[in-house]
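Listed below, chain by chain, are the residues.
Number of protein chains: 4
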Amino acid sequence: MKVSIIGATGYTGEELLRILANHPQAEIVHITSESQTGTAIQSIYPHITGFYDKTLESMKDLDKLADSDVAFIALPHGHAMEAGKRLSAQGVKIIDLGADYRFRDVGVYEQWYKVPHTHPEANAVYGLTELNRDAVKEATIVGNPGCYTTASILALAPLVSCQLIELHTIIVDAKSGVSGAGRSLSLGSHFTEVFENLKAYNIAGHRHTPEIEQALSLLAGEPVILSFTPHLVPMARGILSTCYASLKAGVTASQVDEAFQSLYQEEYFIRLLGRGGYPSTKQTRGSNFCDLGWHIDSRTNRVIVVSAIDNLVKGAAGQAVQNLNVMFGLEERTGLEQAPLYP
Amino acid sequence: MKVSIIGATGYTGEELLRILANHPQAEIVHITSESQTGTAIQSIYPHITGFYDKTLESMKDLDKLADSDVAFIALPHGHAMEAGKRLSAQGVKIIDLGADYRFRDVGVYEQWYKVPHTHPEANAVYGLTELNRDAVKEATIVGNPGCYTTASILALAPLVSCQLIELHTIIVDAKSGVSGAGRSLSLGSHFTEVFENLKAYNIAGHRHTPEIEQALSLLAGEPVILSFTPHLVPMARGILSTCYASLKAGVTASQVDEAFQSLYQEEYFIRLLGRGGYPSTKQTRGSNFCDLGWHIDSRTNRVIVVSAIDNLVKGAAGQAVQNLNVMFGLEERTGLEQAPLYP
Amino acid sequence: MKVSIIGATGYTGEELLRILANHPQAEIVHITSESQTGTAIQSIYPHITGFYDKTLESMKDLDKLADSDVAFIALPHGHAMEAGKRLSAQGVKIIDLGADYRFRDVGVYEQWYKVPHTHPEANAVYGLTELNRDAVKEATIVGNPGCYTTASILALAPLVSCQLIELHTIIVDAKSGVSGAGRSLSLGSHFTEVFENLKAYNIAGHRHTPEIEQALSLLAGEPVILSFTPHLVPMARGILSTCYASLKAGVTASQVDEAFQSLYQEEYFIRLLGRGGYPSTKQTRGSNFCDLGWHIDSRTNRVIVVSAIDNLVKGAAGQAVQNLNVMFGLEERTGLEQAPLYP
Amino acid sequence: MKVSIIGATGYTGEELLRILANHPQAEIVHITSESQTGTAIQSIYPHITGFYDKTLESMKDLDKLADSDVAFIALPHGHAMEAGKRLSAQGVKIIDLGADYRFRDVGVYEQWYKVPHTHPEANAVYGLTELNRDAVKEATIVGNPGCYTTASILALAPLVSCQLIELHTIIVDAKSGVSGAGRSLSLGSHFTEVFENLKAYNIAGHRHTPEIEQALSLLAGEPVILSFTPHLVPMARGILSTCYASLKAGVTASQVDEAFQSLYQEEYFIRLLGRGGYPSTKQTRGSNFCDLGWHIDSRTNRVIVVSAIDNLVKGAAGQAVQNLNVMFGLEERTGLEQAPLYP
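Residue numbers (the working numbering), protein chains in the order written: chain A, 27 to 369; chain B, 27 to 369; chain C, 27 to 369; chain D, 27 to 369.
Treat the hints as calculated values from the structure; they're not laboratory data. Computed from a predicted model, the values in this text were never measured in an experiment. All the given hints hold, so there is nothing to weed out.
Copies of the same chain look alike in the list, so a pair counts if it works inside one copy or between any two.
Here are the computed lysine to aspartate or glutamate pairs in the DMTMM-like style, where the Cα-Cα straight-line distance is at most 25 Å:
| hint | residue 1 | residue 2 |
| --- | --- | --- |
| 1 | K28 | E363 |
| 2 | K80 | E292 |
| 3 | K80 | E60 |
| 4 | K274 | E192 |
| 5 | K90 | E147 |
| 6 | K80 | E293 |
| 7 | K28 | D79 |
Could you build all of it, start to finish, from the sequences and the hints given here?
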């Protein structure tokens, strides 16, 4: 399987390289970067010295990449559509780790991301593998989910699809490590500013909001509007999503348990810690797992679901490789079986 | 002013020592520890070498402490009542940093803390200074608020007292640094376990829940029941509390702004970052400030308030000193004017 | 290959489990813990949920472990000798991750570790694989090196074996993450104490000193005595060892380069960053690599070598698995090929 | 005392503001920034909201600052000389926190800093207060020492001035938190890169080397050349300096003790932890203390001194204020008496 990575120098690109280094079927044929064309990848990421002997190419001559079976695109939003259009036309399957192919309604994309969608006919599949596996199998273009969204949708999907909660009461309070902000320099990612510091940001305006709503609305069969609050936590990796909703009248704890069991019991990458369980981000670090625990607050009749993932793995590159495996008929775990790095 | 600290070796006791080292009116007369009686305090906390030349005494001979004007008690819950009773009977004013004197209804205390209350006649005043200043002035026993509770009550008080929110929709998602768990050894505070890790704990069962509810119920004039979720964040100091509630129909953003302004504009220790403002814990580190920002999520008609404090200062020792100043007629900022330690 | 782990609940035991989960030839047959006998391992380490379905046994009935081909011992020093003696007599190969089998001269062991050596006839091989591979191949008992020692010996071996430095001038200034102190609770590993803190400890008295000296003395053909200073750094994993020595008169930079090249150029797990190179601990995190860079301080005629490892991998469990592979004739990298977890 | 700060938006400028907020005699009259002229300082540093109501001015119109009694300059090296020259000519005392006024021999400055010195006639005094107090009293221009240099010189001064060590054997292995790298954005200060990471940098080439050598040479009465290695530690504040030297033949431990006692026993800001003592950076965080401990390695006849400071306080702004106090005849501790922020 010939694999290219478009935009290989950001953290998602790097994480793809790390994971694919142990993938028995993937051969990296091209890696690209516009800002560092011509540079050897190990001079940018010395930790993978010995795993690759590759030099970054430009994506300007896109046709050179047409010898790939699949291309991962790890570019800022708005920049994947041209490559997606051109390469998919040449038979290259596309897994985009940005936002460009995540929305069914391109109007929603354009409203939240403030750029025109230039590839509305793409017929892309939303790559939250556990919820969309059959479609991913047939897909030629996959929009790989966001990090917050993966953690939040997986937490809420059982409750929404089993109709156990009042949809208008959903609140997602999510917390992320700093790698989620990428490798671009900014004061908000400057060590001395972030260290021993904690804050919320983009309240009621974060772009992962409509993505979570889209997935839950599909499961609910009706529009879901929710509140989503992201926070920046002084750690490199990990997302913890704490999700609140009011139970519908008469819903029992067993029904809640049952909802999680029935949806996820066969899923390798979903680990159910059960009612009363407490996921923690480091329990998933470096792995593709999503750990889930849920709680009933009987005093307020709310259910509170907590999910933990590694934002760069299940929240980005790992799920992308999971989708790759599904798209190419491989065992879904291929290259993704390493245990979390704890402690 | 002769000051004693009962239980001086925990982090709250230590923080009292740190703050009082720069308090011009406070003279430390006794410091106690049962486990380390006879030890010089600077051998336990070398950072205060040069500030104190004091040795830890036992509190067994309580009467020795009766030469104090005021005693801070920084003991685990259940252990303050005996000292509180005996010393207040001898004219010593009491500021308890634990939970024993925080509840008007001792039944609530006994239900959540699982110990009998042996000093129900104490007539203690709840020491959230900004909301209770007049009572604190006259108090002989002050129950100093918890850390999570201080951050959460200050965030919600304007909305509740101005009747702008649906009380049954309140959710508090709070995050704390590890010093909040104290200095006692536990796997949950072991560096290697906590580092680059994030988790929730005690969902729907944390003991600060009824304390927040008590304060808000008094402001509301009716019972408030809410969901409270604490999280452990890999940093030493700081609490960030993210509070959600649905606005009552017709409430405007200006009314929300007005509620914060009118309650807090004269308060030195409350810094209003305004609508759209983002408090962060490090902006308050080492200081007695509580920073507040609020947001309207117009898509869901919720208000989201974020508060940040240093859990050991405004969340414990700092507010205790603030109460001390109020009780003894001093300028409320005395000893508390140092700027936050940033970065 | 049937593998047992004696002492599976400490961080080195856990790390063996993590690594062996991806080792194609190793089958775990027994894991032991005296304090938690009967407990399922995933209830202690939830991150490996799904990888093992094993319960901790006691090592009291040692003969039960005799069905193993090899036993890793991850116990505090002084506790491996009984199991080592009994099991090796029954044909079980032993890899001890503690100090009991590291010293050729048991007198040195007894002097620094203050316990009698009860298995002096063991004929154990010191398992610093790169320097001792042939002996490890034939070994029945391997004393796996310490974490600081691995980093320090690998840094200095080329210079010592090529006789480029004045042996009496060697100084090793080493820095470790907190996982090196293990999982036992102590104030020195309490999050709030360690966070944003840095200190040296055990100056001129750390037990890894004679171990480094033993290895370098063998390479030098004469006794080496050096100064070793460990430091505790606020991170979970990683050791950086900064090693100083005066160059012998007339030694050139090229000779230094040559010494590193000739000793290590064929070594997969040693990555040479070259003269002027700067290893960093996170570049090796989660992997079995040792990264090396060296510098000539021409103003003082010193050479300064910096090495970086993951203390739990190349400094403990990884090197133990490397030795396992060598002892059983497997490809040395088996189970150890995953790329470092960066960032 | 009218005080201006030229370059108020970097971390040293900010730290001056933090400290001077509690200085009873200092009134801030001007603060400058070229990149953010016209901005209110609290919009850049919200943590000092409420302490200052000042707007950043440009330093282009230098004469406006001539109404100051003293100006702190916190600019990158090479940029202080013009202001220093102009303002000192108008009677404004100068305390420069950069390197421009630190060297007696401007040739050394020009060689290491690669810029011409345009104010060689300045007659500046090196502001390591404890070693140079009398000269500071009379100074009109003070070159405030570097952070690494303060920690390292204070550690070695007793040994050098009492002639107890072989000067050519001195090695300084120093470790710093990330705030030492300033607030300018760089990949080397990007949170995700630095977190759980440790590395050395600028080996044998760091610009603090000649500054340490200058101070020690003056004390020794002969040239001192040493090896200096800085490391970057994943924390915001703090420097730990571990200093090695061979004792001269016959020097006893008591002589070493005596050297520290005699030089420092009257010094408020130097805290002697004694022989066998272990300073740690957090014990000094936020304070102007330098903690010192020393050790004799009798196996190698070396002395090892460890010093800890807060790089932004005793290593920069705190010592600058200490010098201010000395220059203006104030009690040296004024504004610097707050206890370290621990934990």
